[in-house]
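J.: In case it helps, my numbering puts the sequence shown at residues 19 to 645.
It should be emphasised that the hints constitute simulated quantities derived from the structure, not laboratory data. Computed from a predicted structure; not experimentally measured. No residue lacks a Cβ here, since even glycine has one placed at the ideal position from N, Cα and C. Check each hint, because a few of them may be wrong.
Once the Cα atoms are required to be at most 27 Å apart in a straight line, the calculated DSS-like pairs of lysine-lysine come out as [said to hold, decoys possible]:
no.: 1; residue 1: Lys272; residue 2: Lys533
no.: 2; residue 1: Lys513; residue 2: Lys467
no.: 3; residue 1: Lys575; residue 2: Lys513
no.: 4; residue 1: Lys157; residue 2: Lys175
no.: 5; residue 1: Lys563; residue 2: Lys533
no.: 6; residue 1: Lys287; residue 2: Lys435
no.: 7; residue 1: Lys351; residue 2: Lys575
no.: 8; residue 1: Lys351; residue 2: Lys217
no.: 9; residue 1: Lys540; residue 2: Lys487
no.: 10; residue 1: Lys284; residue 2: Lys245
no.: 11; residue 1: Lys385; residue 2: Lys284
no.: 12; residue 1: Lys289; residue 2: Lys245
no.: 13; residue 1: Lys262; residue 2: Lys245
no.: 14; residue 1: Lys217; residue 2: Lys175
no.: 15; residue 1: Lys435; residue 2: Lys157
no.: 16; residue 1: Lys468; residue 2: Lys537
no.: 17; residue 1: Lys580; residue 2: Lys537
no.: 18; residue 1: Lys360; residue 2: Lys468
no.: 19; residue 1: Lys525; residue 2: Lys513
no.: 20; residue 1: Lys175; residue 2: Lys435
no.: 21; residue 1: Lys487; residue 2: Lys508
no.: 22; residue 1: Lys555; residue 2: Lys511
no.: 23; residue 1: Lys580; residue 2: Lys511
no.: 24; residue 1: Lys606; residue 2: Lys525
no.: 25; residue 1: Lys435; residue 2: Lys262
no.: 26; residue 1: Lys533; residue 2: Lys360
no.: 27; residue 1: Lys555; residue 2: Lys513
no.: 28; residue 1: Lys259; residue 2: Lys435
no.: 29; residue 1: Lys245; residue 2: Lys385
no.: 30; residue 1: Lys513; residue 2: Lys537
Between beta-carbon pairs, the in silico distance windows are [unchecked claim]:
no.: 31; residue 1: Thr531; residue 2: Glu240; range: 27 to 35 Å
no.: 32; residue 1: Glu158; residue 2: Glu250; range: 52 to 60 Å
no.: 33; residue 1: Gly313; residue 2: Asp516; range: 53 to 61 Å
no.: 34; residue 1: Ile280; residue 2: His532; range: 46 to 54 Å
no.: 35; residue 1: Asn215; residue 2: Gly411; range: 26 to 34 Å
no.: 36; residue 1: Thr585; residue 2: Glu158; range: 35 to 43 Å
no.: 37; residue 1: Asp586; residue 2: Val520; range: 24 to 32 Å
no.: 38; residue 1: Ala433; residue 2: Asp516; range: 50 to 58 Å
no.: 39; residue 1: Glu158; residue 2: Lys511; range: 50 to 58 Å
no.: 40; residue 1: Asn150; residue 2: Thr200; range: 50 to 58 Å
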Amino acid sequence: MKKLMTWIMLGVMLVCLFIIQSSNVIAAQQDVSKASTSLKSESKLKSNSSSTKDTSEIVSSKSVSNSTSSSSDEAESSTSSKSSSKSTESVLVQSSSSGKLPSIESVKEANEQLVNGKSTSKSVGVSPDGFNDGITDWKEVPQNTIEYLPLDDPGVKLGYTFGNSDGSLKSEYNSNDPAPTTRDYVDPKTNVFILANGKIINGFHKGNQGLTTSYGYALTTETSNQKQILAETSIPYLMDKGFKIYEGTTSYNKPALKAVGIATVKGVKLKVEFVLRPSEEQPVIKQEMYLQDVGTGNETVRIFYAEDTELDDNQGPDIYAQGNRNGMYMMEKGYKFIMQDKIADGPDHYQGIRYQTAGAQMDTQSKYGMADYTYYGSSLGGADLSPFTVDEGSLVAGAGDSALGAMWEPQTLDATKVYHYRNDVGFFNEGVVVPEAVVSYTNNTTTDKKNHVLDEITLNFATHNIGFKSVWDNITMTATIPAGLTVDPKTMKAKLNDGSEVNVDVKSYNASTHKITYKLPKDLADNEWTTVSVDTKINSKASNKTLQPSMVSQGGKALYNKASAQTDIPVELAPTVIDKTVRNESEKETEYQDTTQVHARDVGSYDGITDKLFDIIHYKGAFYYGN
Numbered sequence: 019m020k021k022l023m024t025w026i027m028l029g030v031m032l033v034c035l036f037i038i039q040s041s042n043v044i045a046a047q048q049d050v051s052k053a054s055t056s057l058k059s060e061s062k063l064k065s066n067s068s069s070t071k072d073t074s075e076i077v078s079s080k081s082v083s084n085s086t087s088s089s090s091d092e093a094e095s096s097t098s099s100k101s102s103s104k105s106t107e108s109v110l111v112q113s114s115s116s117g118k119l120p121s122i123e124s125v126k127e128a129n130e131q132l133v134n135g136k137s138t139s140k141s142v143g144v145s146p147d148g149f150n151d152g153i154t155d156w157k158e159v160p161q162n163t164i165e166y167l168p169l170d171d172p173g174v175k176l177g178y179t180f181g182n183s184d185g186s187l188k189s190e191y192n193s194n195d196p197a198p199t200t201r202d203y204v205d206p207k208t209n210v211f212i213l214a215n216g217k218i219i220n221g222f223h224k225g226n227q228g229l230t231t232s233y234g235y236a237l238t239t240e241t242s243n244q245k246q247i248l249a250e251t252s253i254p255y256l257m258d259k260g261f262k263i264y265e266g267t268t269s270y271n272k273p274a275l276k277a278v279g280i281a282t283v284k285g286v287k288l289k290v291e292f293v294l295r296p297s298e299e300q301p302v303i304k305q306e307m308y309l310q311d312v313g314t315g316n317e318t319v320r321i322f323y324a325e326d327t328e329l330d331d332n333q334g335p336d337i338y339a340q341g342n343r344n345g346m347y348m349m350e351k352g353y354k355f356i357m358q359d360k361i362a363d364g365p366d367h368y369q370g371i372r373y374q375t376a377g378a379q380m381d382t383q384s385k386y387g388m389a390d391y392t393y394y395g396s397s398l399g400g401a402d403l404s405p406f407t408v409d410e411g412s413l414v415a416g417a418g419d420s421a422l423g424a425m426w427e428p429q430t431l432d433a434t435k436v437y438h439y440r441n442d443v444g445f446f447n448e449g450v451v452v453p454e455a456v457v458s459y460t461n462n463t464t465t466d467k468k469n470h471v472l473d474e475i476t477l478n479f480a481t482h483n484i485g486f487k488s489v490w491d492n493i494t495m496t497a498t499i500p501a502g503l504t505v506d507p508k509t510m511k512a513k514l515n516d517g518s519e520v521n522v523d524v525k526s527y528n529a530s531t532h533k534i535t536y537k538l539p540k541d542l543a544d545n546e547w548t549t550v551s552v553d554t555k556i557n558s559k560a561s562n563k564t565l566q567p568s569m570v571s572q573g574g575k576a577l578y579n580k581a582s583a584q585t586d587i588p589v590e591l592a593p594t595v596i597d598k599t600v601r602n603e604s605e606k607e608t609e610y611q612d613t614t615q616v617h618a619r620d621v622g623s624y625d626g627i628t629d630k631l632f633d634i635i636h637y638k639g640a641f642y643y644g645n
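Work out the full structure: start from the sequences and follow the hints.
T.: Encoded structure:
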């Protein structure tokens with residue numbers, strides 16, 4: 019009997035415990051439900067009742083909001099009241115406080131605060147194994163490893179290495195001395211050359227002796243444009259001897275090389291990675307540098323780049339301007355060498371200079387690296403080319419020993435970030451087509467360097483042959499225009515290399531695919547361009563987005579016969595504005611006004627407009643208040 023009673027009591031306790039637990043769950047659910055209701059409410063009309071007095075409250079409609087959605091938001095009215103059957107209540111209903119639309123400038127200012135929160139530094143991510151350079155199959159190789167890109171002639175190829183062009187690892191210094199110094203060591207400077215049927219054609223001086231007169235990438239803590247000594251600023255020259263060389267494969271299956279090590283320059287301790295990465299569509303090598311301050315950080319530095327040129331044994335090749343402010347090139351006999359600077363993370367300034375007029379003292383005491391950037395004389399020789407619009411083929415440095423230079427704006431290094439710099443060089447023989455595509459745009463509406471919904475934009479799709487004694491033939495250009503741009507096909511035209519313009523058939527634009535397909539009317543010889551332009555308007559789909567018009571130009575049977583490009587068009591957030599006035603129909607009010615008095619069971623109406631992405635919508639509605 020006692021055992022039976024014990025079991026009964028245990029059963030009762032379990033049942034009670036279950037009931038209590040269930041009650042707690044229900045209560046918690048009710049609390050969550052109330053919280054959810056409260057969050058959703060955002061009441062426009064509120065009344066708090068009292069059994070002893072009437073209450074009156076001010077209630078506002080939505081006045082200004084910013085939205086990235088392309089759909090139109092409508093004004094909503096909701097009520098929340100706690101009433102008593104014995105109470106008499108009145109509520110003051112109020113429209114938007116001013117009755118005026120907020121200025122677009124105020125919305126732009128608010129949006130600017132969001133945009134300015136983004137980092138604008140050239141910083142990139144870091145992987146556990148080092149810098150995140152986009153290549154994952156790196157393996158260590160000897161420093162004298164040389165990689166090659168093919169050119170059109172089977173006996174000619176483009177070589178790139180961190181050693182000498184001939185595969186040796188010897189350096190020669192003070193070559194004007196009767197007994198120059200030679201050592202069995204080469205700094206990991208980027209070296210690009212041509213191997214033509216067994217003959218080495220160097221693009222940089224001393225390509226077989228350690229490039230000792232070239233800085234490569236360099237750093238100074240002086241932000242003025244003062245001449246800098248190579249031995250004090252050249253990053254590869256100052257790299258610790260324990261640097262390593264690696265070989266990897268790009269995503270488009272071409273071989274890449276990198277050098278990784280530690281360098282201390284001007285008292286700043288750096289982890290450095292140099293990358294030689296071939297272009298996908300051109301006989302061009304991307305010379306990249308990843309840099310991280312592994313010291314105390316917070317150092318303000320200036321990065322620059324300088325190379326002592328040589329082209330087929332000529333130490334003084336003339337240097338010419340590329341078109342479109344894209345950089346420079348030099349030619350000698352059957353070869354052309356180009357330096358491209360209008361690229362992502364490329365230099366802010368560049369120039370062709372004369373080696374011997376820049377305070378040079380052979381090799382490690384050379385001082386030409388940052389010479390003459392502030393000179394803007396009538397002659398372009400030695401001047402910073404970046405501010406100039408120079409005709410393609412204009413002579414920028416000649417009559418003597420020449421050099422190439424580039425420079426970035428000062429940067430304060432954050433020790434938690436990695437910084438990326440890039441400077442591209444190409445090298446090829448005559449007969450080689452080097453295709454280029456350039457997408458650009460002009461905002462014809464605003465001058466604040468920002469793009470807004472309803473701004474008129476002209477898109478330019480340029481096709482260019484940078485090659486040497488070559489013809490790029492049978493070219494078709496295909497441009498893709500994002501849906502955020504409304505195209506006017508009647509404005510399409512093509513500007514030919516001689517400056518003449520021809521209309522482009524409106525049928526060249528396919529509205530369903532947003533593509534322009536156009537066969538260029540003429541082939542392109544060296545340094546020639548054809549540019550297709552079209553007028554567009556930014557529509558509501560583009561609000562707070564970055565548009566990316568792109569293009570591909572392709573044709574002919576040359577080894578390099580395709581070029582692609584795109585550009586970014588960031589668009590500001592467009593404003594959404596709601597303006598509302600109200601009146602009490604039960605009180606026979608005839609005019610809409612900012613506020614009105616309502617009582618229980620009153621009927622009222624509202625009148626207003628919304629400005630959603632500049633599409634004006636006029637609306638009316640009614641409301642009923644109370645029980």
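J.: Next, verify each hint and record whether it holds.
T.: Here is what the structure says about each hint:
| no. | hint | in the structure |
| --- | --- | --- |
| 1 | Lys272 / Lys533 | violated (30 Å) |
| 2 | Lys513 / Lys467 | holds (25 Å) |
| 3 | Lys575 / Lys513 | holds (24 Å) |
| 4 | Lys157 / Lys175 | holds (24 Å) |
| 5 | Lys563 / Lys533 | holds (20 Å) |
| 6 | Lys287 / Lys435 | holds (14 Å) |
| 7 | Lys351 / Lys575 | holds (25 Å) |
| 8 | Lys351 / Lys217 | holds (14 Å) |
| 9 | Lys540 / Lys487 | holds (16 Å) |
| 10 | Lys284 / Lys245 | holds (14 Å) |
| 11 | Lys385 / Lys284 | holds (15 Å) |
| 12 | Lys289 / Lys245 | holds (25 Å) |
| 13 | Lys262 / Lys245 | violated (30 Å) |
| 14 | Lys217 / Lys175 | holds (11 Å) |
| 15 | Lys435 / Lys157 | holds (25 Å) |
| 16 | Lys468 / Lys537 | violated (33 Å) |
| 17 | Lys580 / Lys537 | holds (14 Å) |
| 18 | Lys360 / Lys468 | holds (21 Å) |
| 19 | Lys525 / Lys513 | holds (18 Å) |
| 20 | Lys175 / Lys435 | violated (37 Å) |
| 21 | Lys487 / Lys508 | violated (36 Å) |
| 22 | Lys555 / Lys511 | holds (17 Å) |
| 23 | Lys580 / Lys511 | holds (22 Å) |
| 24 | Lys606 / Lys525 | violated (60 Å) |
| 25 | Lys435 / Lys262 | holds (22 Å) |
| 26 | Lys533 / Lys360 | holds (26 Å) |
| 27 | Lys555 / Lys513 | holds (21 Å) |
| 28 | Lys259 / Lys435 | holds (24 Å) |
| 29 | Lys245 / Lys385 | holds (5 Å) |
| 30 | Lys513 / Lys537 | holds (13 Å) |
| 31 | Thr531 / Glu240: 27 to 35 Å | violated (53 Å) |
| 32 | Glu158 / Glu250: 52 to 60 Å | violated (30 Å) |
| 33 | Gly313 / Asp516: 53 to 61 Å | holds (56 Å) |
| 34 | Ile280 / His532: 46 to 54 Å | holds (49 Å) |
| 35 | Asn215 / Gly411: 26 to 34 Å | holds (29 Å) |
| 36 | Thr585 / Glu158: 35 to 43 Å | holds (38 Å) |
| 37 | Asp586 / Val520: 24 to 32 Å | holds (29 Å) |
| 38 | Ala433 / Asp516: 50 to 58 Å | holds (54 Å) |
| 39 | Glu158 / Lys511: 50 to 58 Å | holds (54 Å) |
| 40 | Asn150 / Thr200: 50 to 58 Å | violated (39 Å) |
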